[in-house]
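J.: Between the sequences and the hints, there should be enough to build the whole structure, so can you do that?
Chains as they are written, first to last, in my numbering: chain A, 1 to 289; chain B, 1 to 289.
By construction, these hints were calculated from the structure, which means they are not laboratory data.
Where hints are given, some of them may not hold.
One copy or any two copies: either way a pair holds, since identical chains are not told apart in the list.
[What the hints assert, rightly or not] Here are the simulated lysine to any residue pairs, SDA-like style, with alpha carbons at most 20 Å apart: (1) K95 with C84; (2) K95 with S157; (3) K95 with A253; (4) K282 with A13.
Protein chains: 2
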Amino acid sequence: MDAVARIERALNAAIERAEGPGAPPRLAAAMRHAVFPRGARIRPRLCLAVAAACGDDHPAVSDAAAAAIELLHCASLVHDDLPCFDDAATRRGRKSVHVAFGEELAVLAGDALIVAAFETLTVGAAHAPRRLPALVRTIAHAVGMPAGIAAGQAWESEPSVDLAAYQRAKTGALFAAATVAGAAAAGADSKPWRMLGERLGEAYQVADDIGDVVSGEAELGKPIGRDSALGRPNAALRYGVPGAMRHFEALAAAAADSIPACPGAADLRALTLNEARRLLPKELPSRAA
Amino acid sequence: MDAVARIERALNAAIERAEGPGAPPRLAAAMRHAVFPRGARIRPRLCLAVAAACGDDHPAVSDAAAAAIELLHCASLVHDDLPCFDDAATRRGRKSVHVAFGEELAVLAGDALIVAAFETLTVGAAHAPRRLPALVRTIAHAVGMPAGIAAGQAWESEPSVDLAAYQRAKTGALFAAATVAGAAAAGADSKPWRMLGERLGEAYQVADDIGDVVSGEAELGKPIGRDSALGRPNAALRYGVPGAMRHFEALAAAAADSIPACPGAADLRALTLNEARRLLPKELPSRAA
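T.: Here it is in structure tokens:
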């Protein structure tokens with residue numbers, strides 16, 4: 001089974017648990033809307049790619065880690081889209097959760113997705129329970145305080161913001177968790193894998209910043225130019241698109257170079273460069289090599 | 001060290017982790033505001049009382065379970081108070097989190113408290129890691145979907161609601177988790193402990209309904225009569241205060257009677273009846289015996 005099929009199956013199992021006996025139907029529908037149909041699934045694919053490079057001896061554990069990471073990513077999108085944050089009407093080309101189901105159910109869907117992520121991790125790790133504590137801690141660190149997604153988002157409510165700390169928490173942390181958790185799920189030493197996730201997270205953020213500046217709404221499926229409108233930090237606004245492109249390419253190369261020795265290192269290096277390229281917006285005049 | 005001191009210490013440790021290096025200061029302050037100064041700490045005290053009755057062989061594990069439960073309770077209060085739900089300006093006699101810190105940070109504080117709960121559980125269970133999976137599953141079940149707090153709150157957004165299912169999820173689930181997790185944290189068979197939590201949860205809900213009808217705002221520290229204003233189900237509105245009082249007393253007695261054989265059963269039975277009495281609003285003309 002390929003990585004995407006594994007991820008969709010694990011995510012579907014998590015949402016089916018949430019839809020279990022007695023579930024309020026509209027919240028169940030809001031959770032499904034937040035997770036399906038799929039986006040790029042970048043983080044869980046990265047998690048499974050690292051697990052595969054490390055031998056992937058317990059696929060149920062790495063599937064659970066990948067699904068937990070994507071559930072948390074989806075939760076963060078639902079809450080980020082709320083009126084008090086981005087007030088985004090669309091996401092992945094359809095209505096955002098609060099537009100489709102109301103603000104109350106959007107708040108609750110995000111909450112329930114966070115809970116479902118930790119539950120999923122625990123259900124999946126039943127096959128190798130000694131790996132559970134490291135997985136919970138790695139993933140909690142990436143989404144909570146003081147340095148995870150919630151912290152990153154909160155920097156937008158501070159009187160002054162450090163661009164690097166903001167992006168490391170808001171975007172980088174979950175990428176780093178994807179590679180670290182992928183290794184931990186496969187029973188490997190996870191420390192050498194942090195750099196790959198961190199560099200890809202930075203590259204993703206720069207690609208997103210470029211996209212915000214140059215892309216059309218049709219491709220991204222969300223309103224563009226929001227960073228400028230909302231006064232948010234953006235590397236392409238700050239350094240110009242060509243400068244941001246050079247930075248992006250250096251980060252993708254650093255990511256590939258950071259991959260530690262492991263059975264699947266060469267394949268993963270090629271995959272990393274290829275995947276990084278796909279992060280860039282389609283209508284750029286010259287794509288990164 | 002008495003139970004309250006243990007709970008406050010464990011909660012403080014969790015919030016200090018959230019306040020760690022690089023934390024955005026306003027979100028850190030919002031989290032602390034949500035958790036301190038303390039409310040009644042009913043659920044974590046119940047958790048520790050059951051752990052004590054079961055021998056409490058690893059106090060760090062039961063402290064973590066108790067703290068995780070209270071962090072999740074606090075998270076639910078922060079989100080419940082949001083403008084899209086109760087729009088409550090006060091909580092525990094002070095400003096609610098969104099009034100003190102803004103709606104964005106209230107959403108994020110709730111999110112980060114949910115994450116901190118699972119992190120706390122994992123840190124505490126380092127002393128007995130084989131107890132972690134059951135604790136995560138018990139507590140996740142009590143707060144997520146299909147039957148936890150988020151599900152309970154979501155019933156308010158459904159076109160029709162079953163009063164029993166609504167209250168079981170919104171209030172009963174976390175009480176049941178408190179007793180079940182207390183036993184599991186102490187390495188005991190947790191199943192026989194569910195009934196105690198469920199009955200106390202129902203009793204708490206009835207006491208809260210009575211309080212909503214008869215109490216003054218000064219005592220509760222939150223606006224009263226909201227159930228009526230918001231068209232929410234309320235046992236005291238439906239059956240009258242005397243009818244609701246009779247129901248409350250029957251539930252408290254059933255809770256005490258459900259306590260399974262264990263070293264501390266007699267003490268816990270007395271404590272249960274005493275604590276149940278404290279749930280009732282102070283200005284009731286005749287208190288439950």
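J.: Of the numbered hints stated earlier in the document, which are not met by this structure?
T.: 3, 4
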